[in-house]
Amino acid sequence: MGLHQLQRMHRTWVIMKMNISKCSFLGAPAVGKTTLLKLIAGKDISGQYIPTQGFDRGSIKIGKQSVCAWDFGGQKAFLPFYKQYFMGSDLIVVVTDSTPVNILQTKQLIKWARSINEDEKCNIIAIANKQDLPGHMACDRVANILGVPAYPMVATDRTNRDKMYEILKRHVNVNGGDD
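Using numbering that gives the first Met the number 0, the first residue of the sequence shown is number 0, and each one after it goes up by one.
Simulated from the structure, these hints should not be mistaken for laboratory data.
Ideal Cβ placement from N, Cα and C applies to all residues, glycine included.
Certain hints may be false.
Distance ranges between label pairs, derived from CB positions [unchecked claim]: (1) Leu103 / Lys63: 22 to 32 Å; (2) Arg160 / Leu132: 15 to 25 Å; (3) Val100 / Asp131: 10 to 20 Å; (4) Trp111 / Ala29: 35 to 45 Å; (5) Gly134 / Ile44: 17 to 27 Å; (6) Lys120 / Ser45: 30 to 40 Å; (7) Lys110 / Gly87: 14 to 24 Å; (8) Asp131 / Glu165: 16 to 26 Å; (9) Arg140 / Ser65: 26 to 36 Å; (10) Ser58 / Lys162: 18 to 28 Å.
Pairs of lysine to aspartate or glutamate residues, derived as DMTMM-like cross-links and limited to a Cα-Cα distance of at most 25 Å, are as follows [said to hold, decoys possible]: (11) Lys162 / Asp43; (12) Lys37 / Asp131; (13) Lys106 / Asp131; (14) Lys63 / Asp161; (15) Lys168 / Asp156; (16) Lys162 / Asp131; (17) Lys42 / Glu165; (18) Lys120 / Asp43; (19) Lys42 / Asp131; (20) Lys60 / Asp139; (21) Lys42 / Asp139; (22) Lys60 / Glu165; (23) Lys63 / Asp139; (24) Lys106 / Glu165; (25) Lys120 / Asp131; (26) Lys110 / Asp156; (27) Lys168 / Asp131.
Please model the entire structure based on the sequences and the hints provided.
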């Protein structure tokens, strides 16, 4: 997708902003951002890693509110393009694979996200994904290191769909009320 198309999509997003909340997913490659979005949308989770190139966008319902979810690929080559697309986010969900090295990388991503949203009221939360894998750090330690609320998750486990839904519902600016 070219830069012109991305800018046009962003302008469309700004026009629609009054009726839709914007939720942006950010994290290093292969931490589970796309899998989390598939989980909440009830889509099939293949288990095969296919990196997101640039970004993907979809819509989910949280209560009566439409939420436009932006899934940003984690490759560093794309970071310069993301600033304008993170602006206007109501919620930034930073995803980590819960390993010590990745948590430190994620801390830098949070610092970056805060720097581009410093004039906006944008919540930032963390999903401590891959809590089922050996060597994962406990979610309370992840939250302490990152300095944002963190929630434990195993995105490949379909039984976590309701849990992820409730996490988003708690933090997204839901104007449409409950289910």
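Now the hints, each set against the structure:
1. Leu103 / Lys63: 22 to 32 Å: Between leucine 103 and lysine 63, where Cβ atoms are some 39 Å apart, the hint is violated.
2. Arg160 / Leu132: 15 to 25 Å: Distance hint for arginine 160, leucine 132 holds at roughly 20 Å.
3. Val100 / Asp131: 10 to 20 Å: For valine 100 and aspartate 131 the Cβ distance comes to about 18 Å; the hint holds.
4. Trp111 / Ala29: 35 to 45 Å: violated, 19 Å
5. Gly134 / Ile44: 17 to 27 Å: Since the Cβ atoms of glycine 134 and isoleucine 44 sit about 22 Å apart, the hinted range of 17 to 27 Å holds.
6. Lys120 / Ser45: 30 to 40 Å: holds, 36 Å
7. Lys110 / Gly87: 14 to 24 Å: Once the Cβ atoms are compared, 19 Å apart, the range 14 to 24 Å for glycine 87 and lysine 110 holds.
8. Asp131 / Glu165: 16 to 26 Å: holds, 20 Å
9. Arg140 / Ser65: 26 to 36 Å: holds, 35 Å
10. Ser58 / Lys162: 18 to 28 Å: For lysine 162 against serine 58, whose Cβ atoms are near 20 Å apart, the range 18 to 28 Å holds.
11. Lys162 / Asp43: Since the Cα atoms of lysine 162 and aspartate 43 sit roughly 17 Å apart, the hinted pair holds (cutoff 25 Å).
12. Lys37 / Asp131: holds, 18 Å
13. Lys106 / Asp131: Holds. Lysine 106 to aspartate 131 sits at ~21 Å (cutoff 25 Å).
14. Lys63 / Asp161: At roughly 16 Å apart (the allowed maximum being 25 Å), aspartate 161 and lysine 63 satisfy the hint.
15. Lys168 / Asp156: holds, 19 Å
16. Lys162 / Asp131: holds, 16 Å
17. Lys42 / Glu165: holds, 17 Å
18. Lys120 / Asp43: Measuring from Cα to Cα gives roughly 33 Å; hence the hint is violated.
19. Lys42 / Asp131: holds, 21 Å
20. Lys60 / Asp139: violated, 28 Å
21. Lys42 / Asp139: This hinted pair is violated, its Cα atoms lying about 29 Å apart.
22. Lys60 / Glu165: Status holds; Cα separation ~12 Å.
23. Lys63 / Asp139: violated, 31 Å
24. Lys106 / Glu165: holds, 24 Å
25. Lys120 / Asp131: Violated, because 33 Å separates the two Cα atoms, which is more than 25 Å.
26. Lys110 / Asp156: Cα-Cα ~30 Å, so violated.
27. Lys168 / Asp131: holds, 24 Å
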